[in-house]
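Start from the sequences and build out the full structure, keeping to the hints where you can.
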Amino acid sequence: MTGRLATWALGLVVLAAIPAMPLGRAQEYIWHVIIQIFLWSFIGNAWSLMGRFGLVSLGHGAFLGVGAYGTVLLWNFFHVTPWLGVLASIALTVALALIVAYPCSRFQVVGHYFGLVTLAVGEVIRLLIVAERDWTGGSLGVSLATGAGASGLWTLQFADKRVFYYVGMAAWLFGLWVWWRVDRSMARAAMEAIGEDETAAASVGIHVTRFKMGITALSAGLTALGGTLLALYLAYANPDTLSGIGVSLRIVFAVVLGGMYVLLGPSVGTALTIALSEYLRIYFGIKLIGIAETIYGLALILFIIFLPAGIWGSLADAWRRRRAAPARTAPA
Amino acid sequence: MIDPIFLLEAVINGILLGGVLALLALGLNLIFGVIDIVWIAYVDLVALCMYAVYFLVTLYGWPLPLAGVASIGVGALLGLAVHQLIITPILASPPINQLLATGGLLFFVQSCATLLWSTDHRSVRVTLPTIEVGGIFISFTRLIAFALSILAMIGLYFFLTRTYTGTAIRAVSQDREAIALMGARPQRLYLVTSAVGGAMAGIAGALLIIQYAVHPYFGGAFGPLTFMVCVLGGLGNMVGAFFAAFIMAQIISVGGVLVSTEMGYVIAFVVFIVLMFVRPGGIFARRA
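Chains as they are written, first to last, in numbering that gives the first Met the number 0: chain A, 0 to 331; chain B, 0 to 287.
Any given hint might turn out to be false.
Stated by the list, open to error - Far from chain B, by Cβ distances over 10 Å, these chain A residues were calculated:
| hint | residue |
| --- | --- |
| 1 | W134 |
| 2 | G140 |
| 3 | F173 |
| 4 | V181 |
| 5 | A192 |
| 6 | L233 |
| 7 | L271 |
| 8 | I300 |
| 9 | I303 |
| 10 | P307 |
| 11 | D316 |
| 12 | R322 |
Stated by the list, open to error - Incomplete in silico selection of chain B near chain A, CB under 8 Å:
| hint | residue |
| --- | --- |
| 13 | V37 |
| 14 | P94 |
| 15 | I95 |
| 16 | A100 |
| 17 | S110 |
| 18 | T129 |
| 19 | G133 |
| 20 | E261 |
Read the hints as simulated data drawn from the structure, not as lab findings.
Think of the CB as a built atom: it goes at the ideal place given N, C-alpha and C, for glycine as much as any other residue.
Structure representation (structure tokens):
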């Protein structure tokens, strides 16, 4: 256990020290990539809170979109500081999630059907953003109207990328902490039972609807926070990058790649996908548009067939087995 | 106030769009009903068939009808390949893994198409006159496509009800354990189903390329709608999907004229979500 803590501490120190390292001319870019990895890992984590219990949502883009647009539009039109805007858009997102989740749970919309309903919700939000173009800028997206080079705590805009680096890292650690808490809670046992067999779970006294609503609200709220942070970091929101099927599937893909049943799975998956697409973008430039997604798609199929527990999930399994094997043979 | 003639035109366009959706839903529904797997990339396969027709006609100078027939073959081969390479290994996996694997296929097809053929919109131009009836304009191409898709549906209906293989396929969809006991091989029937479903995608591709331009994200435009049609009609229920297609198309078309194009889709999706709660087994399901 101490070895594990030491590894964690070392890893965190290294991550925290990256902004202080002399990385030459590419340093801004490296920070940018790592910030993206932090934020998308956070979002992937939030998704896996539901996904690991069989609530596979294909509409998390809806929550991202409401979170991001809520904050940006509140600032642009009413000059509500993002500090309050975040809270308002999280509340709005949770409300939306509950409005969808309650009937889903009551009428036992599960499996494929749950996936398709959430997919429709994601599309509804994307289309609404596009349709309300007077407010939202339509498919061109909307910028956070802070004026050029604005910087400050009030608008949460910082010219120095390093500030956001630590914001992103804090969010990521917060997401991991939430995941860990859920993993060790009573809710986990209850949700796993519900995932296996709802009727049986209800028969032993588990309040199915309450648990499902709780985990959905948590997942949606965190996703909205992630969307807001992304929009604040980029000072820009776009319906295609923050809402709709493409984004929703991308979140799912990164999580499945890393493994949704282990703490660091979503982070590993996200880091790999972002690193891969950045690498291909630098290496091929604009010559081969679509190559990254082609490889993703192929990898996703192969992973589902051959390694459904994901990269990190399978590694963790193998490691645990190796540690467990000598222990089993020792007491003779 | 909107001119009633526009409204009538919207209704007619809705009927024609309904034909398209019904055709798209047909093959997907067959696979859904028989193999019980959601091919989330089904409409992307249709897009591939559209590309096939496009290239056969523009690059190799094939006559359109011949290219259409070839497209049916391409579709059937694609269906077989998808089943053998992706579905067979995960037949026993949880449904959600199957959904995700075909989701991977969706990514793959869309981005591969971008990579190979760029994001250009491509269409086979068929210039046929527009018919005018009492001030309403109807595209003749769309009318022909509509008639042919109705024919294709009738053809599939007869295949399923009047042939030995078709009967066996319907039997699998009713009880996959019992069919093995009856001495039929489900694996082989799955293959046939996938091939027929793929061929339907080929037909749809050939009929769509003369109405719509194909681009890599074509599947994204029609895919979600096609699923919703299948689910609304009741998975595997062909007749239900047929009517659901026309209902959805009317909402989109009329809603599009009354409010705005996006809002037409928004209303259709919201109707879908609400109906899923009220009638989870599809609009024509009998309550147990």
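For each hint, the structure was consulted:
1. W134: Holds: least Cβ distance 13 Å, greater than 10 Å.
2. G140: For G140/A, whose nearest Cβ neighbour in chain B is about 16 Å away, the distance exceeds 10 Å, so it holds.
3. F173: holds, 27 Å
4. V181: Holds: least Cβ distance 20 Å, greater than 10 Å.
5. A192: Holds, since 16 Å exceeds 10 Å.
6. L233: Check passes; 23 Å lies beyond 10 Å.
7. L271: Label holds. Min Cβ-Cβ 15 Å, cutoff 10 Å.
8. I300: Violated, since 4 Å does not exceed 10 Å.
9. I303: About 4 Å separates I303/A from the closest Cβ of chain B, which leaves it inside 10 Å; violated.
10. P307: violated, 6 Å
11. D316: With a cut-off of 10 Å, D316/A remains clear of chain B, as the shortest Cβ separation is near 17 Å.
12. R322: holds, 28 Å
13. V37: Check passed: Cβ of V37/B comes within 5 Å of chain A, closer than 8 Å.
14. P94: Status holds, d = 5 Å.
15. I95: Interface hint status for I95/B: holds (5 Å vs cutoff 8 Å).
16. A100: holds, 4 Å
17. S110: holds, 3 Å
18. T129: It is violated, given that the least Cβ distance between T129/B and chain A is near 29 Å, above 8 Å.
19. G133: Because about 32 Å separates G133/B from the closest Cβ in chain A, which is outside the 8 Å limit, the hint is violated.
20. E261: holds, 4 Å
When held up to the earlier numbered hints, the structure conflicts with 8, 9, 10, 18, 19 and fits the remainder.
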